Structures are given as C-alpha cells and as structure tokens.
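There are 2 protein chains.
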Amino acid sequence: MRDPSVKAALDAAKNNEPKTIERQMQVCGIAAPPFHETARGMELQRLFTSLGLKNVRVDKAGNVIGTRPGAAARPNLVFSAHLDTVFTDDSVKISREGALLKGPGIGDDCRGLAVMLATIQALDEAKVQTPGTITFVADVGEEGLGDLRGMKALFYESMPGQIDKFISVDGNGLDIVNTGVGSMRYRVTFKGPGGHSYGAFGMANAIQAMGRAIAKISDFKVPANPKTTFNVGRVGGGTSVNSIPTDAWMEVDMRSTDVAALKALDEQFNAAVHEAVDEENRRWNNRGKVNAAPELVGLRPAGQTPEGSPIVLTALAASRALGFVEGLREGSTDANVPMNMHIPAITIGGGGSGSGVHTLSETFDATDSWQGTQRAVLLAIVLAR
Amino acid sequence: MRDPSVKAALDAAKNNEPKTIERQMQVCGIAAPPFHETARGMELQRLFTSLGLKNVRVDKAGNVIGTRPGAAARPNLVFSAHLDTVFTDDSVKISREGALLKGPGIGDDCRGLAVMLATIQALDEAKVQTPGTITFVADVGEEGLGDLRGMKALFYESMPGQIDKFISVDGNGLDIVNTGVGSMRYRVTFKGPGGHSYGAFGMANAIQAMGRAIAKISDFKVPANPKTTFNVGRVGGGTSVNSIPTDAWMEVDMRSTDVAALKALDEQFNAAVHEAVDEENRRWNNRGKVNAAPELVGLRPAGQTPEGSPIVLTALAASRALGFVEGLREGSTDANVPMNMHIPAITIGGGGSGSGVHTLSETFDATDSWQGTQRAVLLAIVLAR
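Listed in order, the protein sequences are those of chains H and W.
Start counting the first sequence at -14; every next residue gets the next number (this note's numbering).
Start counting the second sequence at -14; every next residue gets the next number (this note's numbering).
Isolated chain H, as found in the complex (with noise of 0.2 Å):
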C-alpha cells in the first residue's frame, strides 16, 4: 500500500461508495431470475464497456466477460459476481432508507456486483498498472437450480486453461470463503408394472422398494470432519392406496467439503438404490419386477484452498491491513469450480452487513460498507501478479 496508485486506488473504493450503492440499486432494479438473467447481463455488458474493459463479451452461457489487461496477459486473475438470484418472480422493488436497502438480491449478488464495478472504477481512476491480466466476469447460474453453470461454463468451455486465479464477490459482509461444499442431487425414479392391491399382490411394489432404500440411505455413516451429509428432502408416488403403483421418486441431496467422502457417499447411495431394488424384486420372487433410474440432477463439485496456500494468505493479510481480521469459512458458492480444479480460488464478503438472504425481504445495510470495497480493490491488485 506503499505504492501511490495503490493508495489513490483505496481511496477511490472509499470516495465512490456513494456510486457504488446508486449502482448497486440500479442493477438490482432489472430482475434476473435463475435462467433469466440476460436484462441484468446486458446492463453489465454496458456497465463493463463505459468502464473501459476490453473486449467486453458474453459466452454462451451468459456469463458477461471484460478484460483489464496487465503488462502481460498470465497470470490471469477472474474477479467474478453472479447475476442471478433465486426468485422466480421476476417483480423487483429496491427501496432505501439512509444507510438500509431493501430488496430481493440486494446483497445476494448485487452487492458483487457494484462491488466489481466500484473495482474496475478505482482501478481505472488510480490508473493501476498490475503485471497480470483481470478477467471481469458477471456470471450466471450460481443459485440453486442454475448448478454453478456460468462457471462450469466459464472453466470448461469459454476459458478452458486460461485462468490461474480466482476470486468471487458474494453478499455482504467481510468473511473469507475458502471451502467449497460440494454436492450432488439425485431425482431417482422407481417403476413397475403396478396392479390391483389385492388382486395382484405379489408383485414388487415401486413404493416399497424406494422404502427400503430410504431405510438404508437413513443408516449411512458419515464423518463429521470433513462434514458430509445427506438428506431425502422430496417424496411421490402412487395414484390410489389400493392400487399397487406404478411409479415413486424422490430427491436426495448429499454434500461435503471433501471431494473423496462426496464420491464415497454417492458411491453408497447409488449402490444402496439398488440393493433396495433387488431386494424388492427377491422379497416377491421377481413376480412382477421394479427398477430404479437414479438422475442426476444436480452437481457442485466440492474443494478447497488451504489455509496456508498464498491466495488464502493473501486475503487474510489484506483484511488485517485494512483494520479487519475475518476467519475463513466454508460455503456453496461460484469457487467450488476453481477449488474443484485445485485452481486458488476464494469468496469473498463485499462488507456492510444486511438480513433476509433468499426472501423477498432482504436488506443491506450500508453502514461502512467501503471497507469491503476497499479490500476487493486491493486483492484485485495483489493477485494481478
């Protein structure tokens, strides 16, 4: 911070922050439903080219993509917040009283968002020359059903090799993200032939064979460190109680922060998925057989950056020298890919504080919101390197 464009770029974080909040209104005034985020996408397209980014783009999975070029191109830091929200609803009212603002998304990820900008502004105005590239990025899909697409996108398909470090924006507050819950949910659908419940009895029932393998999924052992759990959170099935169904399903969610007890814990799941089946089928004497077709419907590949790796260590030392010490926590959140990659990656708070994440009546309080601000500028020109 000794480096004058460094401290003119703080300052900038702290003096914009009255710009910083208009934008973050302004933004969260365009609805972005999950899988409806092109409005706000195209704002930040317009946002990210007045800022002066460089070749400002959106991939093919929606993801809104500027460059700030270092003297050369690697490494290349992505500085990322997500667009969408979670409510389907796309009805947005933002309302402000002094330093309180109320509305869906208002932290969860507007805040990112005006937070990127606020960076891209600061950097610009304090006329930061990092020696690695910033990549921009307003991307999609990081809520619920969207299944961190815009990132699987981003790593995969749109910038495959071309990233060396990550960092996110997500919500308020200054905490330090650096474990990435991984998870993997399941829609299993179970079929037979179905029949009468007294004149076909005998034949192997869908419900009771998705009963047993509840029962068994209900007995799985996990370990508490790394957390792993699992959860049978919906249930079908069935047209009459006399009648033998034809089909059941259910969802299942499993998660942990540790790649290896995830896969181990899907490994038992699907196997006990089939047992349950077998046993259905053998308990009847395959009379009238059912079968199980697990899905996946949904994937958030788990990870970690350690603790003691130079990303981790970077973004505890910066918010020390900001005044603020934070400790580093676990979470679901645009990282998970990178992390997956064993690409250093984190997320972080974008500072003030607020309540009411996913309801319709979610609040930030900007009260010394600059502070998160101010250390989104400087990890930006720190990792840059």
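Careful, some of the hints might be misleading.
Copies of the same chain look alike in the list, so a pair counts if it works inside one copy or between any two.
Stated by the list, open to error - List time: in silico DSSO-like cross-link candidates among lysine-lysine, alpha-carbon distance up to 30 Å:
| id | residue 1 | residue 2 |
| --- | --- | --- |
| 1 | K274 | K212 |
| 2 | K212 | K176 |
| 3 | K176 | K206 |
| 4 | K4 | K176 |
| 5 | K201 | K274 |
Since the hints were made in silico from the structure, they are not lab data.
Computed from a predicted model, the values in this text were never measured in an experiment.
Assemble the complex: chain H is given as a structure, and chain W must be docked to it using the hints.
Frame of chain H, contents of chain W only:
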C-alpha cells in the same frame, strides 16, 4: 317351485325382463357419485312406493328402505342393491345397441337395482305371501371411499338387531360371494421440525422415518390362506431437495378374508410405524425429533358365511334348480358388514355379463339376463322364511 305362486313369480321375472332392462337404463341415467346418491335414491323411493312397498323411508345415511310384510315380522330378510357408483364426474350417458347396454355403472350396480325392482314386481304380480318379511334397501356408500357406510348405518343404527338374513345383488354374472374380504386403510402423517439439509444435518427426517416404516412393511410375512395382503399405495412429502422435510405421508391398504389375520396385520403395521419413528429419532440422538400419526381412513369388516351354512346351500340349490351351477367366491361387498356380525349373508350377481367395471366405458350384455332375475326372485321367496 311346485307352489303355483312361486312358478308365477318366476314367469313374471322372465316375462318382465324387457321392463327390467328399461328400468336398469332409466335408473342409471341419474348420476349417483360417491356421497351424492340422493337424486338416484329419490327415484328408488318413488319406485318402491309405486311398486307397493310399505313404510318407504330414507334413513340418516341416505339408504332408501321399503318393507314387504310377510305373515310375520320375523325372520326379516334384507334384500339390497347399492345406489352409488365410483364416478365423481356426474355426467351419465347410457346407451343401448341390441342386447348391449353401455354407460358408467350400468352393471355395477344399476343391474342390482333393476333386479331388486323386478323382484318386488314379480312377488307382487304373483301375489306371493312369504312367512317372514322382506326389507328392500337401495343403499349408499358401497364403493371405495364410501367405506360401506350405508350398510354400517343400516345394521348398526337404522335396524339394529332387526335383520336375520341378508342378500345383495351386485353387478352382472351369476356368482355367489360368501367370503367378505375385510380391509383397513391408513393415512399416516410423519412430522418433524425440518431445516436446511446441510446446516441442520443431524435432525431426524420425516421422510426418512417414513422410509424406515415402509421398509419394515415391505418385509411383512402374511398368510396365503386366509389370503392377507398389504400395499403402500401413495406417498408424498417435503418441499425442496435441500430441506429436511417437515412432513411426509403415506396411504396403506391392508386386506384379509380373516378377521384375526387382519387384526394381527394391523397390529404389526402400527408397531412398525412406531418402531420406525423410534429408530429415526435414536439414529440422530433425538435432536429434532419426528413423530407419526396413523389415521384409520377406511375400515371394511371381514367375514365369511360358511360354505355349509343354510343360506349358502340354499343359494347353490336355487342356482342348480334354475339350471346353472356357479361356484362360491370372495369379494368386498355390502355383505361384509352382516358377515362380520355372523348374520347369514351372501352377495349374488344379477345375471347377464359385462366388461369395464369401474370405468366410464362399462358395458352390460343383457343376453339371458332374466336368469339372474329369476334366481333373485326365487332366493327372496325361499329365504324369507
């Protein structure tokens, strides 16, 4: 049959068959969905009265009851057919091509209603004087969710202790049902506190408790004779894949021809539900417990009229006397209720043949259907003593 009035009644039954078919179609043109049998019941009330029955009345349940007094009030034979259909849609369109009648409920049980009306008319025309009394009943609630409520009301409330024998005419064919398959239906609701699949992991899960119960039910051992069955027919629960569900539910059907076997199965079922809940709670050390509430939503009593009992022997002899021999079979009909009370009871087919029972494209083939009417008339005469 050497009694001239009996001969005359049988002749009337045969000769009036065209009128019987006409009534079968006419009555069937009035919708009688489950729990909405009133309109058809009013028509039966009118017909009972016009055919000379005494004390024609409607009980609280909606059963239409009319008396044909004999020389004495007892024995009192109840002769019944059911008003209700399985169709919640009340659009009825009855058509005829030659001997083939078409329309929902045309056989089950408009045939029974028509045979009952033909019996009243034949006895009247032949001036048959029976030693005992015959009480004719057009009853409600035989089908599905009706849960035999018409019969339960008749035997338990409207005419308690006043019925000595029972015969019902249900559908086509010439079968004799002397075994009443009993059934118990449960809807079980599982509830728990619920929470985030990852954050609240370690909390008991309502769906998983239910899965444990279903797995136990799937392995129930039941006797093949007396035939005893179980079926988990419908399940549901949960709101999202990544939430520990607050609720789950299942619908279970259990049947047996044997009262004791059904009772034993019922006890095993309730024990399994409670063990499953206990296991799920213990598995998670009782953090955030689940519970289960089994609700009995259907109860059809089981029963049997022994093969060697006078009423069964009489029914077989009457069939033989008229030139056809039919075996005995089991079913779930209005006769379940008196069978369970050890009151001599059978259900007979109303003659003719048919297809598509319980579908909108049900048919009734009236070829030689007068045979069924004749047997019903003969049984009314010989059992009312």
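We went through each hint and held it up to the structure:
1. In the homo-oligomer, the alpha carbons of K274 and K212 lie at most 30 Å apart only across protomers (21 Å), although the nearest pairing inside one protomer, at 37 Å, exceeds that limit.
2. In this assembly of identical chains, the alpha carbons of K212 and K176 lie at most 30 Å apart only when taken from different copies (26 Å versus 33 Å within one copy).
3. Taking CA atoms no more than 30 Å apart as the test, K176 paired with K206 passes in both settings, with 28 Å inside one copy and 23 Å between copies.
4. Taking the shortest Cα distances, K4 and K176 never come within 30 Å of each other, neither inside one copy (57 Å) nor across copies (49 Å).
5. With identical chains, the CA atoms of K201 and K274 are at most 30 Å apart both within one copy (20 Å) and between copies (19 Å).
Violation of the numbered hints given earlier is confined to hint 4; every other hint is satisfied by the structure.
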